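Using the sequences and the hints, build the whole thing.
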Amino acid sequence: MTTTNRAPAATREALGPTLIKLRREGLDLVVVDADLGKSTSARQFGDAFPERFFTFGVAEQNLISVAAGLASMGHVVFASTFAVFAEHAFDQLRMSVAQPHLNVKLVASHGGVSTGEDGASAQSIEDLALMCSLVGFRVIVPCDVVEAAAAVEAAARTPGPFYIRTSRPKSSVIYTDGARFEVGKANTLREGRDVSIIACGLMVERALAAAQTLAGAGVQARVLNMATVRPLDLPALERAAAETGAIVVAEEHLAHSGLGALCAQALASSHPVPMEFVAVDDRYGESGTSAEVMDLMGLTPERIVAAARRAVDRKRV
Amino acid sequence: MVTQTPVDLHALARRIRRHVVRMVFEAKSGHIGGSLSATDILTVLYASVLRHDPQRPDWPARDRFVMSKGHCTPVQYAVLAEFGYLPVEELATFRRAGSRLQGHSVLGRPPGAENSAGSLGMGLSFGLGIQLAARVQGLDIHSYVLMGDGEQDEGQVWEAAMAAAHHRAGGLVALIDRNGIQNDDFTAKTMSTEPLDEKYRAFGWTVRAGVDGHDLDAIVEALRWARDVRGQPTCVIFDTIKGKGVSFMQSNPAFHGAPPTPEQFEQAMRELADGADGS
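These protein sequences, in sequence, are chains R and A.
For the first sequence, this note's numbering gives the first residue as 1, with consecutive numbering after it.
For the second sequence, this note's numbering gives the first residue as 1, with consecutive numbering after it.
Calculated from the structure, these hints are not laboratory results.
It should be emphasised that the depicted structure is a prediction, and the values quoted were computed from it without experimental measurement.
All residues carry an ideal CB built from backbone N, CA and C; glycine is no exception.
A few chain A residues facing chain R, derived, Cβ under 7 Å:
(1) Leu107
(2) Ser116
(3) Ser125
(4) Phe126
(5) Leu128
(6) Gly129
(7) Leu132
(8) Ala133
(9) Gln156
(10) Glu159
(11) Ala160
(12) Ala163
Set out below in structure tokens:
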């Protein structure tokens with residue numbers, strides 16, 4: 001499967017229009033925002049339904065506990081901010097939301113290093129580690145704007161807390177409108193028997209490009225879009241390990257605590273196979289365009305190709 | 001039952017204090033001082049102001065009591081038990097394995113616990129969320145949020161204070177149990193939070209300060225005043241005594257989070273016995 005012909009779009013653009021659609025369908029939504037509603041697109045909902053939209057200024061801790069209070073009254077509550085500022089409210093997510101398992105959906109844009117020019121402070125490379133550590137949270141990193149819309153809708157219709165990470169830059173549209181999305185289900189975007197590349201978010205597009213290159217060299221790579229980072233799709237993961245015997249995990253996050261670490265932990269007890277990881281090493285990013293910073297941090301198709309070759313080689317030992 | 005008016009609130013408050021001391025003594029841990037300082041406020045709130053029905057803890061139109069100083073579960077559970085949300089005998093399970101009654105507040109455990117708390121500073125935000133939801137739903141209800149004065153150190157309290165005034169959150173009532181002592185020491189030595197009344201006023205709240213938090217008539221008058229303010233958040237600052245009711249615990253920072261010895265327990269129960277204070 002390759003990308004569609006649609007013009008590139010940012011995953012963050014999906015939030016506002018999807019929430020408006022869902023409210024028009026009668027969902028009991030309330031949306032809260034912390035002075036970034038234009039960037040996260042949540043503000044579009046506020047323009048359409050001002051009586052169900054509350055802003056709290058630059059105060060993320062208050063934002064999250066208010067969201068919890070709203071959810072305790074029965075509403076489906078969407079909170080939005082940037083991923084790094086969601087980290088600012090970690091204990092609020094833990095105690096106000098996760099422990100009572102309230103119906104709060106946090107949609108955090110500007111995830112990862114692709115945030116770019118704003119530099120290291122604005123680049124969340126640890127948000128998935130934090131959010132995956134919250135008991136009962138479902139954590140989703142959509143790979144394109146179509147999947148992002150579907151993930152927002154799925155979160156709205158599924159009880160319990162969610163974290164959805166979206167991205168600042170425009171990226172290729174991989175799915176066609178109406179593509180099915182299921183929480184906790186990985187999606188095979190390309191079949192292959194030699195190695196599996198498991199990716200989420202913007203790394204899915206790079207994984208597909210890498211698979212194309214590998215095919216030219218006679219290596220058939222399976223590409224799995226693991227949009228739901230928690231809970232992992234264990235059956236799909238185990239099938240990938242059993243059927244291809246080697247795995248590469250690619251993500252826009254610190255290597256030691258994200259999707260790769262979770263996949264490795266899951267497979268270690270059931271289907272241990274050679275694994276390689278394309279992620280952010282133990283370092284912070286810097287300024288540059290999205291593409292420049294992604295390259296700088298090694299989040300490229302070329303690195304995925306090299307990792308896949310290493311993994312395949314290790315199979316033969 | 002929507003509101004209950006026990007004949008003798010003094011006797012009820014004394015009974016609740018005895019529960020508090022016994023729970024912490026038997027559990028060998030728990031927060032006794034800040035429970036005793038808040039006992040009269042909560043007794044009056046549940047008896048005379050809060051619109052609630054222990055038979056229907058999920059009644060949508062109930063007022064909410066939000067426990068922000070979530071370490072003071074001894075008084076919260078004792079009040080909920082006395083008002084019929086759980087059997088009084090269950091208080092003996094406080095802090096024990098398998099009990100619903102954890103050391104710090106957990107939403108729904110027992111019924112009547114409206115929020116999870118422990119990390120300080122989140123309750124006012126939670127209460128604001130409830131009142132904004134009430135606005136969306138067209139419900140005329142109140143949220144009474146109990147905070148400590150040490151808790152005012154938390155930055156989130158002031159984020160919530162600013163936001164509540166901005167959104168003109170009528171029905172949101174902050175109750176501050178100003179007992180002057182926090183975990184390590186007196187609040188004045190630990191972190192200066194005064195003047196609290198001027199701070200809340202500057203943040204856009206309607207404030208009543210200097211209310212004697214152990215004068216039951218003064219408490220009911222202040223709570224009814226706060227309840228009847230429309231269209232803006234209100235704050236009542238109660239002057240209280242940490243450890244109130246037990247002579248050697250009063251204003252003693254040692255009894256923030258430490259249990260009494262067997263001898264201290266016996267003496268405390270004697271002091272809290274009916275008739276011991278001449279009433």
